[in-house]
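Participant: Sequence:
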Amino acid sequence: MPGGRLTQQERQQIALGLADGLAYAEIARRLDRPTSTITREVMRNGGPASYRADLAHRATERRTHRRRPAAPREAAAPPQAHGRDPEAMREYEELFTTVLIGSGTPAMMARVLACLTLTDSGSLNAAELVQRLQVSPASISKAITFLESQGLVRRERDERRRERYVVDDDVWYQSMIASAKALLQVIAIARQGVGVLGPGTPAAARLENIARFLDYVSESTTRAAEQARAILSTPSNSAANEPTSTASGSADPTSADPT
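Numbering (my numbering), first residue to last: 1485 to 1743.
Calculated directly from the structure, the hints in this document are not laboratory data.
Wrong hints could be hidden among the right ones.
For each label pair, taking beta carbons as the anchor points, the in silico distance ranges come out as [said to hold, decoys possible]:
(1) A1662 / R1489: 17 to 23 Å
(2) A1687 / R1542: 37 to 43 Å
(3) R1574 / R1514: 21 to 27 Å
(4) R1489 / G1530: 14 to 20 Å
(5) S1659 / R1536: 29 to 35 Å
Note that beta-carbon positions come from the ideal geometry of N, C-alpha and C, so glycine has one too.
Work the whole structure out from these sequences, hints included.
Facilitator: This is how it looks when you write it as structure tokens:
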């Protein structure tokens, strides 16, 4: 399997594969590259819908020129537990971070979230994050503030009264609930605008449709999160029961008119 950076010709093949609707694994097989390499390349350069070979190649060249000589990050990496392969872990953490960035999470916030998620304890303090990620304490503080606002991390104190940042099994539930609550603010301001613009006017009708749509999405998101949490947190429920429970409790888009 070839190593090193992707060539411009390989990037053109990736772009062609995406245009043909090929999966990352199939593109990787054709190029004799790891699937993680293709996934990281695409997500780092706009995602499958926006990937362009020429722009991706120039972006990589710019990143290469900007890099300063430094000690390899692997030298600061902590020992791996459970017999894990350090190189595989490093590559997976980079891939996980790249996918988070592709989903809309800012880069530093994605690095911190990935680092916490892939730690067995799910908990690190600021000094540990600084050491692992080789960034400034200010960068960690800013990232944690953002992640906390999204419900993705929480703070707690250890026995020495040091602040620790935690992700746990409820992290995505809390994030979904926070997202649904954030929509309520948009709904309220949209409905307020109906009165300002005048009921019956085209702009007011547009705002009312926005409010109704987001109201439906917020309610459905909250209900789905609650159901998933209840199902997945009950050990006695078998995997065979999950689709039935989910399907019977999920919202039917045809039962309400979001617009």
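Participant: Which earlier hints can't be squared with this structure?
Facilitator: Those not satisfied come down to hint 1.
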